[in-house]
Amino acid sequence: MAKVLVVTSGKGGVGKTTSTAALGAALALNGQKVVVVDFDVGLRNLDLVMGAERRVVYDLINVAQGNAKLNQALIRDKRLENLALLPASQTRDKDALSEKGLARIIKELRTLFDWVICDSPAGIERGAMMAMRHADAAIIITNPEVSSVRDSDRIIGLLDAKTERAARGERVEKHLLITRYDQARAMRGEMLKKDDVLDILSVPLLGIIPESEQVLRASNLGQPVTLANPLSAPARAYNDAARRLMGDNLAINVPLERFNLLGRIFGGRAA
Amino acid sequence: MNFFGLFKRSDPLPATAPVARERLQVLLAHERGSPRNSSKMVALKEDIIDAIARHMLVKPEAVKVKIDRRAEVSILRIAVDIPA
Ligand SMILES: Nc1ncnc2c1ncn2[C@@H]1O[C@H](COP(=O)(O)OP(=O)(O)O)[C@@H](O)[C@H]1O
Ligand SMILES: [Mg+2]
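Sequence lines, in order, name chains C and D. Per our numbering: the first sequence = residues 5 to 275. Per our numbering: the second sequence = residues 852 to 935.
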């Protein structure tokens with residue numbers, strides 16, 4: 005039975021697209037059939053992070069409007085055969101994606117994949133609502149920072165109000181993924197701690213992704229960080245999160261880079 | 852001059868995270884008040900836009916929804932800019 009996930013946050017720039025790509029690749033590495041779907045109509049980016057930007061022919065809206073078949077729009081990943089991307093369109097018309105068209109696409113994707121991961125645009129307008137509409141579960145991406153936590157709180161409210169599941173009186177399963185976490189700064193009281201964020205949002209924790217230069221490096225290369233450098237701290241954290249989604253019971257910790265010479269010399273500042 | 856001194860903070864910055872935590876707790880308790888009120892308004896606005904969009908072409912920004920709370924009654928105001 006396929007599971008539809010929405011990766012959402014309210015706030016922009018917190019790591020939704022990074023997380024969609026990294027978790028998608030990690031699930032695929034674990035043998036799952038995965039499609040990542042870009043809902044950021046007008047500002048597509050998932051294709052770039054996945055390194056598939058030159059292979060986009062048709063997009064989500066072409067399929068929703070019946071101008072292309074789903075299998076014409078799906079881009080198979082070159083590295084992992086059981087990973088695919090459904091790109092967003094570059095059209096400026098955000099209303100081009102119809103409710104009906106979307107419902108049909110999600111239904112079809114459910115028959116083809118184990119996981120359908122929807123990368124939400126920022127905000128709480130129509131695009132973000134469309135991305136969460138058919139979700140069985142949500143991954144709420146939060147940075148340890150006041151505006152991000154507040155926006156996550158609003159998104160949590162919307163998940164219980166604006167989804168198909170909510171309309172049927174069912175709950176959307178929720179998971180909190182704290183990203184761009186800097187353990188050293190949290191310890192010094194400069195940044196909210198993981199427990200602060202958990203207390204305030206009271207959503208079960210899926211994982212903690214450390215702030216890491218490896219993330220930018222991976223996106224420069226057009227590779228999900230879980231493929232670009234599987235042993236790096238963020239990749240290990242994403243991989244653990246993916247395994248928790250699959251039902252594995254793993255203890256949650258803040259992964260640190262294994263050989264961090266700078267961190268040792270300068271008293272953990274770079275850790 | 853001490854080389855390592857360049858990289859060490861002489862006096863640690865005062866911890867500001869507890870302030871952030873406190874402010875968020877107060878704010879969110881307020882915003883969630885009367886079952887996640889702000890989300891309800893957004894949900895209402897979404898439904899209104901959807902309903903209008905079934906009959907005419909309007910941009911989401913063209914729809915303004917507001918509740919004026921008064922002592923005796925509250926007024927739900929819906930303003931829609933329709934292209935000429
Ligand atoms: N764990 C991390 N460490 C460092 N940089 C990160 C991390 N996660 C995301 N970023 C960077 O933050 C920026 C925004 O990330 P992105 O995934 O595009 O956010 P969103 O999709 O939420 O707008 C990108 O430049 C990305 O490389
Ligand atoms: Mg994004």
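Please note that the accuracy of each hint is not assured.
Here are the simulated SDA-like cross-link-like pairs (lysine to any residue), alpha carbons at most 25 Å apart as the crow flies [stated by the list, open to error]:
| # | chain 1 | residue 1 | chain 2 | residue 2 |
| --- | --- | --- | --- | --- |
| 1 | C | Lys98 | C | Ile110 |
| 2 | C | Lys15 | D | Lys896 |
| 3 | C | Lys15 | D | Thr867 |
| 4 | D | Lys896 | C | Arg158 |
| 5 | D | Lys896 | C | Arg130 |
| 6 | D | Lys915 | C | Ser102 |
| 7 | C | Lys198 | D | Arg874 |
| 8 | C | Lys15 | D | Leu878 |
| 9 | C | Lys111 | C | Ala170 |
Think of the hints as simulated: they come from the structure by calculation, not from any bench.
How the hints compare with the structure:
For the given pair, C:Lys98 sits about 18 Å from C:Ile110 by alpha-carbon distance, which is consistent with the 25 Å threshold. Distance check on the hinted pair: C:Lys15 and D:Lys896 sit about 20 Å apart at the alpha-carbon level, within 25 Å; holds. With a C-alpha separation of about 22 Å, the suggested pairing of C:Lys15 with D:Thr867 holds against the 25 Å cut-off. With a CA separation close to 15 Å, the supplied pair D:Lys896 and C:Arg158 stays within the 25 Å bound.
Restraint check: the Cα-Cα separation between D:Lys896 and C:Arg130 comes to about 10 Å, which is no more than 25 Å; the hinted pair holds. With a C-alpha separation of about 22 Å, the suggested pairing of D:Lys915 with C:Ser102 holds against the 25 Å cut-off. Distance check on the hinted pair: C:Lys198 and D:Arg874 sit about 16 Å apart at the alpha-carbon level, within 25 Å; holds. A C-alpha spacing of about 17 Å is found between C:Lys15 and D:Leu878, which places the hinted pair at or below 25 Å, so the restraint holds.
Distance restraint check for C:Lys111 and C:Ala170: the Cα-Cα separation of roughly 18 Å lies within the 25 Å cut-off, and the hinted pair is therefore satisfied.
When each numbered hint is compared with the structure, no violation occurs for any of them.
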